[in-house]
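Required output: the full structure, derived from the provided sequences and hints.
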Amino acid sequence: MTRTKPKVAFFDFACCEGCQLQVANMGELLLDVLGLIEVVEFREVMSEKGPEKIDVAVVEGSITDKHAIERIKKIRDRAKVLIAYGSCATIGGVNGMKNNFKLDDIRKEVYGDRFNYFDTVETKAVHQVVKVDYFVNGCPVYIPEFVKVLKAALQGIPYEVPDHAVCVECKLNENVCMYDRGVACMGPVTRAGCNSWCINNGNICYGCRGMVSNPNENGAMDIIKKYNIPMDMVINKMNMYNKCREIDKREQKKR
Amino acid sequence: MHEMHLLKDLLEDILKHAKDNKINKVGKVYLRMGDFTEINEDILRHYFTEHAKGTIVDGAEVVIEKSPTRELRLVSFDGE
Amino acid sequence: MKKLLLKDSKYEIKKSKIIKVTTLTDLEKFFEIELPGGDSLDHDPGQFVEVSILGVGEAPISVSSSPTKLGSFEMVVRKVGRFTSALHQLKEGDEIGIRGPFGKGFPVRILEGNDLVFVAAGLGIVPLRSLINFVIDNRRDFGKVSILLGCRTPQNMLFGDEVAEWTKRLDVNFSCTVDRADPDWKGNVGMITSLIPGVTLEPERTFAVIVGPPVMYKFVIAELLKKQIPERQILVSLERNMKCGLGKCGHCQINGLYCCQDGPVFSYDKIKGVPEAL
Amino acid sequence: MSKRNVSVNVEYLTRVEGHGNIVVDVKEGKLETCQLQIVESPRFFEGMIKGRSIFEAQHITCRICGICSCGHTLASIQAAEDAIGFKPSKQTTELRKFLLHMENLDSHILHIYLLVAPDLLGVKSFVPLIDTHNKVVRRALRMKKAANDVCDILVGRHVHPISSIVGGFTKLPKEKDLDAMLQILYDMRADMTATVELAATLKFPQFERDMEFVGLVSDDAEYPMLMGDIGSTDGKRINKKDYKKATNEFVVPHSSAKHAKWNRESYMVGALARVNLNAGKLHPKAKELAAALGVKPKVINPYLNTVAQLIECVHSLEDGIRILEEFKKNGVNQDEVVLVGLNEQDRIKVKPGIGVGAVEVPRGILFHNYEVDEKGIIIKANCIIPTSQNVNNIEHDMRKLVPEILDKTDEEITLALEMLVRAYDPCISCSAHFLDVKFVGR
Amino acid sequence: MLYNLSQYVVLKKEDFNGFISDLVKEQKVVAPVAKGCGQFSFEEVKSGSEISIDYIPTILPPKKYFMPRDENIATYDLSNGEDMEPVVEYEKMLLFGVHTCDLAGIQCLNMVFSERPRDLNYLIRKNQITIIGYECNFYCDRFASCRLVHNHSPNGGYDLFFTDVGDRFMIHVNTNTGEELVAKSNLLRKAGEKDFEDLQRVREAKNREFAKNEIPIEHEKIPELFDRAYNSKVWEDLDKRCVACGNCTNVCPSCYCFNMIDEPNLDLKTGRRYRQWDSCQNESFAKVAGGESFRKERGARQRHRYYRKFKYPIAKFSRFFCTGCGRCSRTCMACINLKETLNSLIKEQGMENPEAGKV
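Protein chains in written order, with this note's numbering: chain A, 1 to 255; chain B, 1 to 80; chain C, 1 to 278; chain D, 1 to 442; chain E, 1 to 359.
Hints may be right or wrong, so weigh each one.
Computed from the model, here is a short list of chain A residues facing chain D with C-beta under 10 Å [unchecked claim]:
1. 155
2. 159
3. 181
4. 200
Hints are computed from structural coordinates only; laboratory data are not their basis.
In this text, a Cβ means the ideal position worked out from N, Cα and C, and glycines have one as well.
This is the structure we're talking about:
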């Protein structure tokens, strides 16, 4: 029996398209992946437009304007399964920093008095607009995890994003802890799954994978105080990727 | 930003339907336009006037009805 | 790195076949499983097996059929997560892997000759059905048998046909309660604990067997103790996340006890001083 | 004839998706409008990094673009270091140059193989090539992966590099890392030869327009990528601090990318501009290739940007190998590893100032400009990406091209225009095949 | 002292690199190397010069070789139904420079995995690893508590055991494997009386050094302390501080909890089943499928960790599973310190004995 290959389409919203590039960077592994699925729409590499109904929609980028809201809703209607991949899509990512400002101010900042040409709304992660079935966190996505999620989606079973801290993986990689070096790191409150990519390379965790579901924020603040790290700097760091978390919190309160 | 090529499609459709219905002169065009569009009404009207020149739609009045959704629709048109 | 096929691995699975699937409710499905060669699972009531769907994972599932049923065994699975939703997708004829049975089941030899009170709420009926059917199949070996059953609504009741059979039997006292009744319901409405005072029993020769959601145990045990049933004659089956079934992986630990090896069936006197148990 | 109402119901808005649109309006053989509309949703990066430390700016601004992420990182670092008057060490500079080479290699290969080759081979995307030209696709993916793997070893990853920060690198290559990177690059040479052979067989459209090319220029013998002044083929040369005099940006309503012009109505940046400005400084092997392909500055056919990219690929590979071999010989000083939270410990002195980073990234010269306060916090930022400098030039190309090919079919014109835009290798999304060409009239 | 002369050999310090080089020729050698910032890790070495012999406990204990973080336990192929083949993966290697605390950790793991039902994966792998221990003559830092749990001096668990006695190492030969290593080397000589005197001198000095013990409670009173302290306020304090990063359990030489995970290959037909370190500190560790978590509070999870070191294993294995290595305290960002926790518990329960542990 030959199974028909699932129809997969890639879409992008406001983002750097680095996650698509990560997928392209898989090298020859990409061909194995392509053997598994039928790519029906992938703006970055092909001009064909997909059919009305697709099996899997892989969505990158945040929702930042009214047009995008309508577009993502249409994609959701077309797709059986929706995968949000990359920080912009899963948690709002760096685009969320826009929400630190008044929208008109930031438009003027960039486009001067012609700012009215450019529509923008509060940055949202994809799940803050439509239902998302799978999350692949990270900025950019970590390919082994992307492949894992893709496999889970094709098997039709859920993928559970690790709900423990990056520290777990970092420790297993035997990195010298950034706090031991006197540097604030988002590892303790950030979801694992990236194999502590940044810390392995001598940098700190910036929290691109979103926070664990039940972070001990007060405890984390205590730690930061202990290491004499200025609080505003840390809050700034937390907001770099996780500003859109406020929308989730707001929604929770409403319920 | 999209006004111009939207308008091109719009005119094309009017001309096609006019031809099908044997209309030689279009008097009024009814459009419905949603709030959520990024389309600027003034720009749209401007392009309409510009692009309709020399066609059977030239000089037609454009009636735009507002709607709360994201849409731009050609609803109907009058003609002789 | 050398790689060796490992004989006698505790992780080896028995390639088994689903021979029957029945949808019980929106969430629960019933599965009948045949081991290779029609082998008997050889379990005690109350034991569990580790069910594998390769590529998805493994999860502990209680055996719901009595050991007196030969040639196959049964289980009921509620769709709650990743593994169970995959299991729900399987059909008759599909294969799954089985490890086990694991754990300490109900001490049937000790129960013999005694009166029994079964208290089951919600999914608790699933493992308890194994023991109830065992007792009914060996009815003369046991004393008085009472079954107290609780469920959320009449629609949530599992094994309706079998329950109807039990109610008809003269050698079994059966009572049932629902949290929320519908107009057709003629039975009791209320907490399962409300059924206990109505049971007449001789405490010193009665064993009570309780299976249900974690919140229920404390209240039911309190009621049973009021009836003077000795602590060691109150048996419970605890639910934990048994991953390996071998007393190693740590997920099912209840203070110093491993649910997968020391349980899941415990007598109340053993866990009374174990704070994490109830 | 009686007055009648015709009822129709046609929805238009679904047709406007896409990030780049070419709009051509020809009336009675006369070109009226010719626009390249960039309708990418604006992301307001320059606004977002206000109030952020220059030490984290590169992590944010590299997220402007995943494809030239390393370039943004380096431009951002340069602007930051320039603003506070920090001079990077020689080792750091060499490693940064090497990183740029790898990015160039990666990006150019992607462009040549996956985006341009399908056009020249007459297919819609690289996907059908998997069946028809499997070896070629595999080679492309292999080469891309190789460049990526080198980036992985050097800076953790290619998309949003991890270890390259203000002050230097948080991780420096060890002996075994150098060996691994060298091995990958040595192995790439065979594929590069095959690529050159393939490229020699490709035919590019004939089209010429005398235009201005802008890129980095310098006085030393090195092909300038990381350092230098802003130069033009029109003979002007200014300090990078005065970049605004070169770009003269202006906003147009049909594009969310700003437009730029300098000495003429528009200018071009990118590989072709660099080759036109600095051909004499290319690696000997790249010069050899240029000669073999008949590339002689100043080349004024924008389609040949792809050829210039190929020449740069050879240059980046060979010069990259040279840099590594030198490190292999002289060793890497591990003491220069910098700790990421420098600003948290005041290890690098910060002072208020204005800094400009001008770096040649795959698509052309990239500017980052920060104004920082005494704490190293950005109070004003400006980024000018190569694509937005090119958009204006593309429009001018189109204006010259369309009348020349009006006798062709719609499909042929569409392809010619698409290929023109793609030749510029504008940021990948626009250059792929979602360029809807709209003919408003003919 | 019960020294058996024939069980000891001597290696001159200048021959150390040669000795290691000889080992490297034979097999994979793993030893402590410096990672910077005063931290170390066990890594494969090719020469003696890479080894940091004077090290404090490595970031991860050597358990990573005995039960690797990701360990394949089976491969499967679904082409003909649910076909699974259990596997064991192992590698012959020599672990050099293991401190007594880590030797104790390995002994704990040995006990756990040889308890029935036995874990063959562990036992097979363990037999492929040769262990050379190394004596700490000095107290490593303020986090260690090896003295409290009586792990500061060697209690077996090694093939050879090195003690630095000045210009040379005294080496105790404990097993046949050890003897074979000795027989193969031409750099060792039989120990003499003088060597023993030096060893004795070193040990006496060490005993004085380690006498200033840390915690005011008798070794044998610790189980009682934990019997009493289950509902202590101390756990509430830990609840507020712990961020549940799981570092303490990952670095613990005697923590062995794991998860079992299936990973299909890209063909979705074949794949592997592996086990991976898990931690009782993780949010999802004690969660059942229905979503209920049986150890929801971080404080309860911390308490569980302490009880798994100081109480539960006493009943099962008659030994503490805390090896005194101090890793959990050293690594904790929230500065949850094992010794401080014990001190607070002792104080709270009024079980202080300032004389305890003094020699």
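Interface hint compliance - residue 181 of chain A to chain D, C-beta minimum distance less than 10 Å: 6 Å, holds
Interface restraint verdict for residue 159 of chain A against chain D (beta-carbon cut-off 10 Å): 22 Å, violated
Chain D contact restraint on residue 200 of chain A - CB to CB distance below 10 Å: Check passed: Cβ of residue 200 of chain A comes within 7 Å of chain D, closer than 10 Å.
Hint check: 10 Å Cβ-Cβ cutoff, residue 155 of chain A to chain D: 24 Å, violated
Of the numbered hints given earlier, the model fails hints 1 and 2; all others are met.
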